[in-house]
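Novice: If you want the building blocks of each chain, they are given just below.
Protein chains: 2
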Amino acid sequence: MSIDKLFNPETVAIIGASREEGKVGHTVLRNFVEGGFSGEVYAVNPKADKVLGKKCYDSIKDIPEKIDHAIISVPPKVANKVVEQAVKEEIPFVTLITAGYKEIGEKGEKREEELKEKLEGEDTRLLGPNCLGVWDAYSKVDTLFLPDYKLERPPKGSIAIISQSGSFGSSTLDKAAEIGIGVSRFVSYGNQADITETDLLEWLAEDEETEAIAAYIEGVKDGRKFYEKAKELAEEKPIIVFKAGKSESGSDAASSHTGSLAGSYQVYQGAFKQSGVVEAGDVEEFFDITRELAYENPPEGNKVAVITNGGGYGVSAADHIDESDLEVAEFTEETKEKLKDILPDYGSPNNPIDVIGDADAERYEKALEIVSEDPNVDMLMPIVLLQTITMDSGIVEVLKEFNNELDKPLAASMVGGDYTNLHLQNLEHNQVPTFRTPKRAVKALEGLYQYKERNK
Amino acid sequence: MSIDKLFNPETVAIIGASREEGKVGHTVLRNFVEGGFSGEVYAVNPKADKVLGKKCYDSIKDIPEKIDHAIISVPPKVANKVVEQAVKEEIPFVTLITAGYKEIGEKGEKREEELKEKLEGEDTRLLGPNCLGVWDAYSKVDTLFLPDYKLERPPKGSIAIISQSGSFGSSTLDKAAEIGIGVSRFVSYGNQADITETDLLEWLAEDEETEAIAAYIEGVKDGRKFYEKAKELAEEKPIIVFKAGKSESGSDAASSHTGSLAGSYQVYQGAFKQSGVVEAGDVEEFFDITRELAYENPPEGNKVAVITNGGGYGVSAADHIDESDLEVAEFTEETKEKLKDILPDYGSPNNPIDVIGDADAERYEKALEIVSEDPNVDMLMPIVLLQTITMDSGIVEVLKEFNNELDKPLAASMVGGDYTNLHLQNLEHNQVPTFRTPKRAVKALEGLYQYKERNK
Chain F
1 MSIDKLFNPE TVAIIGASRE EGKVGHTVLR NFVEGGFSGE VYAVNPKADK VLGKKCYDSI
61 KDIPEKIDHA IISVPPKVAN KVVEQAVKEE IPFVTLITAG YKEIGEKGEK REEELKEKLE
121 GEDTRLLGPN CLGVWDAYSK VDTLFLPDYK LERPPKGSIA IISQSGSFGS STLDKAAEIG
181 IGVSRFVSYG NQADITETDL LEWLAEDEET EAIAAYIEGV KDGRKFYEKA KELAEEKPII
241 VFKAGKSESG SDAASSHTGS LAGSYQVYQG AFKQSGVVEA GDVEEFFDIT RELAYENPPE
301 GNKVAVITNG GGYGVSAADH IDESDLEVAE FTEETKEKLK DILPDYGSPN NPIDVIGDAD
361 AERYEKALEI VSEDPNVDML MPIVLLQTIT MDSGIVEVLK EFNNELDKPL AASMVGGDYT
421 NLHLQNLEHN QVPTFRTPKR AVKALEGLYQ YKERNK
Chain A
1 MSIDKLFNPE TVAIIGASRE EGKVGHTVLR NFVEGGFSGE VYAVNPKADK VLGKKCYDSI
61 KDIPEKIDHA IISVPPKVAN KVVEQAVKEE IPFVTLITAG YKEIGEKGEK REEELKEKLE
121 GEDTRLLGPN CLGVWDAYSK VDTLFLPDYK LERPPKGSIA IISQSGSFGS STLDKAAEIG
181 IGVSRFVSYG NQADITETDL LEWLAEDEET EAIAAYIEGV KDGRKFYEKA KELAEEKPII
241 VFKAGKSESG SDAASSHTGS LAGSYQVYQG AFKQSGVVEA GDVEEFFDIT RELAYENPPE
301 GNKVAVITNG GGYGVSAADH IDESDLEVAE FTEETKEKLK DILPDYGSPN NPIDVIGDAD
361 AERYEKALEI VSEDPNVDML MPIVLLQTIT MDSGIVEVLK EFNNELDKPL AASMVGGDYT
421 NLHLQNLEHN QVPTFRTPKR AVKALEGLYQ YKERNK
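Going down the list, the protein sequences come from chains F and A.
Take the first sequence: its letter number 37 is residue 37 in the numbering used here, and every next letter is one higher.
Take the second sequence: its letter number 321 is residue 321 in the numbering used here, and every next letter is one higher.
Check the hints yourself; a few may be wrong.
It does not matter which identical chain is used: a pair holds within one copy or between any two.
Claimed, not checked - Derived pair list, reagent style EDC-like, types lysine to aspartate or glutamate, alpha-carbon separation capped at 16 angstroms:
no., residue 1, residue 2
1, Lys150, Asp360
2, Lys107, Asp345
3, Lys150, Asp418
4, Lys150, Asp358
Hints in this document: simulated from the structure, not taken from any laboratory.
Pulled out of the complex, with its shape left as it was, chain F reads as follows (with noise of 0.2 angstroms):
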């Protein structure tokens, strides 16, 4: 089945368009009428005439026109009933924001079989209940309840996200837009009494604006059918995870979080590894690993070149990189010769190289030309300080260029206050993947050489 209509629909419905200001069904309408969404919008709101301009219907069955994503949003008593006229109107995708399923215990697992029943046999797709929904950078659709003062949405890009829990999925699309890193599609999935992580995936894999696709994980619903697909897809496209409910208190947490399974984490890491899975060890992590491949190529190998103005970082990220799956890259004597002409007298042509701190966006320009030359290198790790008297802005446009014209991966970073993030900020916009520190850059460049080995 298509992806089409869940995420770029013509027409869709709000059920439970609330009046009053603060109520999700209402945020969520909003969304779709001031957030840009350009198909037809119906509200549905037996208690209203109209809300925000817009013409309250009585029911789905009264809208006149066909219906391809209807977005529920009514109290936990109601929800399968309105679900079942969804079913009944031949809806194509329902999102089931309403909570009170099986996450609350006996209850609401019997809500939860309920509604499982009332889909059986039939064409509607459901997404939730229990979640967030969709959000969609293209098509504007936007079914997030969450004020967008307090989330603020991210600009359009190559990197979608999936997400088991709501508070996760949503915190990461603001990190996204604060940072400016560019996301396709948001998708907080919620209980997955229908549509499963399986399905997200494939459909992802499918879409022609996502390069990468970034997963919260507590339990899949069906390991097996997980394993496989994901080694189908991550072939063609990164897949990135962050599977939380590790140990046992997380498993625990997990179990009364989302009414997982977290299941053994040494068969999730199996699984992962062997389907090309790269695991994300926190939240940061997940997107630091997400953009690396998002926006670079695999390397060739696993060798390093570090180019530094500030020393202190250059020793401490050879210690970072001794620690991961990646090795400092030993230069060529053609390398060093070349190094050796333009660094000052006491400047060393070994890796990582010191450029020292009176170093220009010019002589930086340089060593990074000399060192992506040399065939013992892989990968390049630009860190950049921008406190030195003579480093200034030109070093945004060097790496950009750099970045643009180099096959081998990048991972830049630079450590500092408001102007460093500027710049920092300058260099994402433009997919020069740029991390606040030099040890994220080394584990983004590993997540990259992982993604590489576990595809080949």
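Since the structure of chain F is already known, use the hints to place chain A on it.
Specialist: Quick look at chain A alone, frame taken from chain F:
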């Protein structure tokens, strides 16, 4: 010898006070003239009459007053000569910014030997060479030759930073300013021709404005002395170390960076542990652990209570805790009963507590109060997601008050974009340690626990 005149001089002289903007001596002079330093400032430059409105003297000996702290930034060829003059004038403290000493190889090593000879047996103490020198939040001594639009100076506070690497040190200062972390003193000490990291530790341990000392170290000058002093001092005041040059490649890089023999990391690691020093794994942890130790009291034990309105983060926090030296606390039956009263039916009274996505600041506060009284809980870890409709700025007041009244240490975390970060900075300004991810909060609490364990 007292620390006073290095950090808090009544008179300073800037030798090499260039007319040219962008030059080191010019920037340093401007820092003193425009930066709020309340003592007398003298400029030395035989080629100029006035720089930045200050009369220029031909040499140190022409200055009519006794100088407490001379800052020298002249070319390496004449630097030793100038130091000799300062010694002759019995200036108690000299900061020698000039580079071109042992870090550049043979020629520089000779120069450094000569420098040491000039200091031998004299009262003058020298910081450097090849350093940024001192920044003091209280006295406004500022020898950093980095412009303040590039390197923001942080607010006054209780953390002292000492760094063998200028770039590492200055970028952390810049980062502190960005987050709003208060700093007392900063020292980039370079080659340690005279004043060593151990001297600085000793001084800062006595400093009333300093609550915790963070040190970036590649190789210590005198291992035995460092170990003994650290052991003596760490009991009184937390010392946090980020050691670079741990691995083979890192150690090689360190020797060409600061000419340090980085030495066996195993030896360092053992010495840190036994002397009560806490280690940070990278530049972010360096800050995270330091401010946790500066702001919070050590815990009684290692049991953590996690309270969150974002269930997914509760799950992953439990994982991070299980991976650390800490444990997820098991609540008493009394606590569980009390939690049941304030949580929705489907909320779980187990740790991590999910107060559910519809929680407001009030429900959150009640949960915090209940678990903080549980005798099985040693530390609190609130994870707040501000993206939800019901969670508002009220949570900032809750956490502030809570942190003030509570004996048990706390490490908050918030994940998000600009809106979230504003609240995070507000908390940080009020000395509530607040981190950008739950994993970083766990690492900070672990550092606090390790400090307690290593110093009992």
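Novice: Now, for every hint given, state plainly whether the structure supports it.
Specialist: Right, here's what the structure says about each hint:
| no. | hint | verdict |
| --- | --- | --- |
| 1 | Lys150 to Asp360 | between (40 angstroms within a copy, 15 angstroms between copies) |
| 2 | Lys107 to Asp345 | between (76 angstroms within a copy, 11 angstroms between copies) |
| 3 | Lys150 to Asp418 | between (21 angstroms within a copy, 8 angstroms between copies) |
| 4 | Lys150 to Asp358 | between (42 angstroms within a copy, 15 angstroms between copies) |
Checked against the numbered hints listed earlier, the structure breaks none of them; every hint is satisfied.
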